[in-house]
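Protein chains: 2
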Amino acid sequence: MDSNTPTAQEVDETLKRLSSRKGVKAVVILNNEGQAIRSTLDETLTKQYGQLISTLVQQARTTVNTLDDQNDVTFMRVRTKKHEIMIAPDREYLLIVVQNPQESIQQ
Amino acid sequence: MDSNTPTAQEVDETLKRLSSRKGVKAVVILNNEGQAIRSTLDETLTKQYGQLISTLVQQARTTVNTLDDQNDVTFMRVRTKKHEIMIAPDREYLLIVVQNPQESIQQ
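Residue numbers (full-length UniProt numbering), protein chains in the order written: chain A, 1 to 107; chain B, 1 to 107.
Next up, chain A with everything else stripped away, as it sits in the complex:
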């Protein structure tokens, strides 16, 4: 791991900070192989989110790289009828936050 790789403690702090924000329903952190390394969800849901969101991010990257091979995805927001899924791909990790936008705005 190079010096830019967040420590386990930093990952935990990120999870705690995000999951305590108003309106946040779930936080899942995946490694680059799509395996969950932290999650506020149960094992089954965590695995499901991990597989589905990894595939979606890969599809988004293919889309962006095909249109311009010098470009890449930096953030994704999928708004749904019930909530909002925010996805932040990073070099080492993939951060997924599910929130209820109405609640988080009232903060």
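Watch out, some of these pointers could steer you wrong.
Over the 10 Å line for every Cβ pair with chain B, so calculated as not near, a few chain A residues [as the list claims (entries may be wrong)]: (1) THR5; (2) ALA8; (3) VAL11; (4) GLY23; (5) GLY34; (6) THR40; (7) GLN48; (8) THR55; (9) LEU94; (10) GLN99.
Using 20 Å as the maximum straight-line C-alpha spacing, the simulated EDC-like pairs for lysine to aspartate or glutamate come out as follows [claimed, not checked]: (11) A:LYS47 to B:ASP69; (12) A:LYS22 to A:ASP12; (13) B:LYS47 to A:ASP12; (14) A:LYS82 to B:ASP42; (15) A:LYS25 to B:ASP42; (16) A:LYS16 to A:GLU43; (17) B:LYS16 to B:ASP42.
These are computed hints drawn from the structure, not numbers from a lab. Beta carbons are placed, not taken as given, at the ideal position from N, Cα and C, and that holds for glycine.
Position chain B against the provided structure of chain A, taking the given hints into account.
Same frame as chain A, now just chain B:
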């Protein structure tokens, strides 16, 4: 077409209104079969955006429906290093707007 279906004129007005906004680089409107019915891009790029974005939206819908079959995608934002792709799936159409977020904020 039922009464909710926008007329050709309404579609044109939407295209003109969106493409005249500061920071907007492209507007593509697809029908439900993924064919472009309006576009500010050339034919090749329009076709490419149409195919790639339709596939991405389908992947996002699969993701959301698998997690909760009562839920669906209402809007997507894909932020990239160079610009932002906003995707609004509707009953009849799929609206794609590519913008440079820095420029559009300064409005």
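Can we trust that A:VAL11 is non-interface, i.e. its beta-carbon lies farther than 10 Å from all of chain B? 23 Å, holds
Does the alpha-carbon distance linking B:LYS16 and B:ASP42 stay inside the 20 Å limit? 16 Å, holds
When you look at the beta carbon of A:GLY34, is every beta carbon of chain B farther off than 10 Å? Holds, since 13 Å exceeds 10 Å.
Far enough from chain B: is every CB of that chain over 10 Å from the CB of A:THR5? 21 Å, holds
With a cut-off of 20 Å on the C-alpha distance, tell me whether B:LYS47 and A:ASP12 pass. Violated - the C-alpha atoms of A:ASP12 and B:LYS47 are around 44 Å apart, more than 20 Å.
Regarding the assertion that A:GLN99 does not contact chain B, is the least Cβ-Cβ distance greater than 10 Å? Nearest chain B Cβ is 14 Å from A:GLN99, so the label holds.
Taking the closest pair, is the beta carbon of A:LEU94 still more than 10 Å from chain B? Its Cβ never comes within 10 Å of chain B, the nearest being 14 Å, so this holds.
Status of the stated non-contact between A:ALA8 and chain B (beta carbon gap over 10 Å): Fine: 28 Å to the nearest Cβ keeps A:ALA8 off the interface.
Checking the smallest CB distance to chain B, is A:THR40 really beyond 10 Å? Per Cβ check, A:THR40 is outside 10 Å of chain B; nearest 15 Å; holds.
Pairwise hint evaluation, B:ASP69 against A:LYS47, where the allowed Cα distance is 20 Å at most: Measuring from Cα to Cα gives roughly 17 Å; hence the hint holds.
Status of A:THR55, Cβ more than 10 Å from any chain B Cβ: 7 Å, violated
Measure nothing beyond the straight line between the CA atoms of A:LYS82 and B:ASP42; if it is 20 Å or shorter, mark the hint as holding. This hinted pair is violated, its Cα atoms lying about 36 Å apart.
Hint check: violations occur at hints 7, 8, 13, 14 and 15; the rest are consistent with the structure.
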